[in-house]
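Asks: Protein sequences, first through last, are from chains S and V. Its first residue numbered 1, the first sequence is counted upward by one per residue in our numbering. Its first residue numbered 1001, the second sequence is counted upward by one per residue in our numbering.
Keep in mind the hints are simulated off the structure, nothing from the lab. Honestly, I wouldn't trust all of these hints.
Subject to a maximum C-alpha distance of 27 angstroms in a straight line, what follows is the list of computed BS3-like cross-link-like pairs (lysine-lysine) [unchecked claim]:
1) 551/S x 1171/V
2) 1141/V x 551/S
3) 516/S x 462/S
4) 1185/V x 1196/V
5) 1053/V x 609/S
6) 1181/V x 1108/V
7) 253/S x 215/S
8) 113/S x 1181/V
9) 1053/V x 113/S
DEER-style ranges, computed between Cβ atoms [what the hints assert, rightly or not]:
10) 1170/V x 562/S: 24 to 30 angstroms
11) 1185/V x 433/S: 46 to 52 angstroms
12) 1111/V x 154/S: 55 to 61 angstroms
13) 118/S x 1058/V: 33 to 39 angstroms
Glycine included, every Cβ here is placed at the ideal spot set by N, Cα and C.
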Amino acid sequence: MPRRRNTLLVAAVATPLFAVVLGGLLPNEAAAQRKVKVEQPRPLVGTPQVVRDLHWGDVLFYFYQDDWLQALTRLGASQDLDRVTHHGTEAELLKGGLYLSLGQHEEAGRIFKALLNDNVPLDVRNRAWFYLAKVWYQRNYLDDAATALASIKGALPGDLEPERHLLEAQVLMYLNRFDEAIRALERWQPVGDHGDIWSSYARFNIGVAMVRQEKVEEAAELLNEVGQIAAPNEEAAALRDKANLALGFAWLKANRPDDAKKVLQRVRLEGPLSNKALLAVGWADSAEKRYTKALAPWLELRDRNMLDSAVQESYLAIPYAYAQLAANGQAAEQYVTAVEAFAAESTRIDQSIEAIRNGGLLEAIVDNDKANQVGWYWQLQNLPDAPETRYLYHLMATHEFQEGLKNYRDLRLMQRNLAAWSLSVQAFNDMVDTRRRAFDQRQPGLQSTLDAVDLDAMEAHKNELESRLGEAERDNDVAALATSREQEQWSKVEQIEKLLANADQSDPMVQEQREKARLIRGTLMWNFNASYKARLWRARKEVRELDVAYKEARRRWVLVGRAREDYPARTEEFARRVTTLQPRIDGLSARLEATGQAQNRYLAQVAIKELQNQQQRLAAYSLQARFALASIYDKAATSASGKSEEKAPDNAPPGGQSSGDAGGAP
Amino acid sequence: MLRQSLYPVMLSLLALLAVGNAVAQNTAPSLPPEMTASAPPANAGPAASDEFKSLDEEVQGLKKEVLDLNRELFVLEEELLFPANTQVAVFVSMDVGEFFALDSVTLKFDDKEVANYLYTEREAQALLKGGVHRVFIGNLKAGEHELVALFTGQGPNTRDYRRGATIKVEKGVGAKYIELKISDKAVKSQPEFIVKEWE
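Given only the sequences and the hints, what does the whole structure look like? Please build it.
Replies: Here you go:
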């Protein structure tokens, strides 16, 4: 289940960042893909990629699984090895986005800035401005972010356009330029259901900011709107609750309890904000002096978990109401209960502080988290119920704590990553040794093969053939191109003619044989002459082929020789690289450990401070309760002594004593 | 009077609530980034104290070093274990995937099994979005080799589906990449398996 929740978070959060990093170039296909992936809450617009480099697809495979560390590693390696040449700009945009998602703002900013030159298409520049705006926004450089957003020319592709307006509204809001923020929101064109909820978040944030600016009427318009949105899911319902609660408190502060009560009653009775809403509804009634009514939500609250500050406050509010109703006995009883409860709670906080001092805070948190993913957008989904974390809900919701926690978590994941590589380094060492041994083993065989080949003799032979052909051509020696059988026949004819020359020339048989020899010689010569040109052409062709083959053999011989020389050098180069790795890994691991501990100490310090603040708040509550209690006793004593005799004040029965200002605390 | 003294407490709740973005972080897991990590703190001023910033910078620097080292290690691993002249890699990709839901791929080179990969739902989704999975990387001598790829999954009408493909591969001097692409053949309502060789 935690995995599922994390997936949803990442899908919703990471998607807009990358959506058009990858898309925009293929809007039609993007639309087609959107149809296919309807189950995704916010599909990666433009994800269909015409993969023109396989290794680009390999990067996307990990990116789409939100494995950003792996995606970035593979992207960097593929760029080093020139394997994503067809996706140069997309690769840079994605790389910037990945760095951003891993919290590496400077690196991300550097990459996006590099894409802002005139050689880059406007579309890419616009996206780079957009992402730079995000980087600066996240680093709280709000003016820079506003400038970057203003530098975008025309519309951004796909879902980035509405997101840009949301971002713009957020930036302007934090710059206290509320009117412009609202105008930016008005330009917002939500895309689908999720777009609507985003818009609602923006309106909520601006509304809350306006409350802080004491512009309650304007804020009310926005918050009232968000407080009545359709709530088909938990997320929307929670946002609606928040808007109603914020507005309720704002009306209470503006001394308009009736208005407050109306919106507070919209908050769900069971939900993360129900306690605060119950408390506030009580205060709204109380402000109208309807104390009996006020008691109903407060008494409901008292039975809830004491961890919530609203519940803690109810321990004071209840006796206050009793006192206002002149039920001093019950008020006193409730104040005593409150003092005891606050003391018990304070003791538990002491235990929490002790547990945190013992170093268990971040371990308890991170161990509870199962998602094995580095990431800027990672967020803690479920707090473990441990002494270290029990009181820290609000602290953990703060930006600073979340960032620190993410850093700590990333450091731990990277330690694990390096530990895994450390094992590989041993394998690399083995591989280098294997290369060395394999070379030593092959070297003698290779040498004997090379020794057996006499390329110089081959060359001499080739040259001789060339020269013989040249001579035959020059001398028009048709017999020189005869086949071996023909040459055999030719030499037999010559032998026969020699024999016949020494024989008795008057012998008719000799004459007949001479005539036959002459005929054979003539036939052979005729054949030689007739095929001479064809033979010469063929012979020339063969010599040329021989020359090519010889040159190739020579080239390969040189290559083999060079490889034989280079191989050990390359092996030693590998050995050198491998040798430097382990110390680097060890050094980095040690620094990761030390920085992780520093982060742990820092967050523990922040957490302890937060707990101490809570204790101070409980102490203040407790003090108020004691004063109120003393005041009740005092009144009772005064009243008793005023009436004259019998009962001592500490024996006063609960309730029944009139006391106009009994609950009054100093 | 008590009411007056409690009022600041109550208003502190308002302040707490007013950190809309921060409260949202814990309660709404799927908030847009603007509401969550990326939002500058609303009422607490700049989030980062000096100590936090200096730690954060240190962490960023360290992470950058680890990321760089990861890239170097990745490249070294490939160069050392799979030199370009003998390197062979097999990739699996998918397009729409309407007629075939991939479960696993088995690869045999020259009758020897070299990979048997079972896909998770997440990985299959990544393939459908356009990711390409390098299912095998290894070394082969130059010359002719036989690659047998066996795909299993669910075919049309959610029936179990097995399909094999045999490919003759000519390994030259440079690295050889083979893409096994699972595609939908709309006309026949069947998946088809296309082999593409990349140099």
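Asks: For each hint, tell me whether it holds in the structure or not.
Replies: Comparing the hints with the structure gives:
1. Distance restraint check for residue 551/S and residue 1171/V: the Cα-Cα separation of roughly 24 angstroms lies within the 27 angstroms cut-off, and the hinted pair is therefore satisfied.
2. Distance check on the hinted pair: residue 1141/V and residue 551/S sit about 24 angstroms apart at the alpha-carbon level, within 27 angstroms; holds.
3. Of the supplied pair hints, the one linking residue 516/S and residue 462/S is violated, its CA atoms being roughly 39 angstroms apart against a limit of 27 angstroms.
4. Distance hint between residue 1185/V and residue 1196/V is fulfilled; the C-alpha atoms sit about 17 angstroms from each other, no more than 27 angstroms.
5. Straight-line distance between C-alpha atoms of residue 1053/V and residue 609/S comes to about 18 angstroms, which keeps the hinted pair within the 27 angstroms bound.
6. Among the hinted pairs, residue 1181/V with residue 1108/V is consistent with the structure: their alpha-carbon atoms are about 17 angstroms apart, no more than 27 angstroms.
7. With a CA separation close to 12 angstroms, the supplied pair residue 253/S and residue 215/S stays within the 27 angstroms bound.
8. Restraint check for residue 113/S and residue 1181/V: the C-alpha separation of about 37 angstroms exceeds 27 angstroms, so the hint is violated.
9. For the hint linking residue 1053/V to residue 113/S, the alpha-carbon distance of about 23 angstroms falls within 27 angstroms, and the restraint holds.
10. Checked against the hint of 24 to 30 angstroms, the C-beta distance between residue 1170/V and residue 562/S comes to roughly 25 angstroms, which is consistent with it.
11. Distance hint check for residue 1185/V and residue 433/S: the Cβ-Cβ separation is about 50 angstroms, which falls inside the suggested range of 46 to 52 angstroms.
12. Checked against the hint of 55 to 61 angstroms, the pair residue 1111/V and residue 154/S passes, with Cβ atoms roughly 58 angstroms apart.
13. At roughly 37 angstroms, the beta carbons of residue 118/S and residue 1058/V sit within the given window of 33 to 39 angstroms.
Violation of the numbered hints given earlier is confined to hints 3, 8; the remaining hints are satisfied by the structure.
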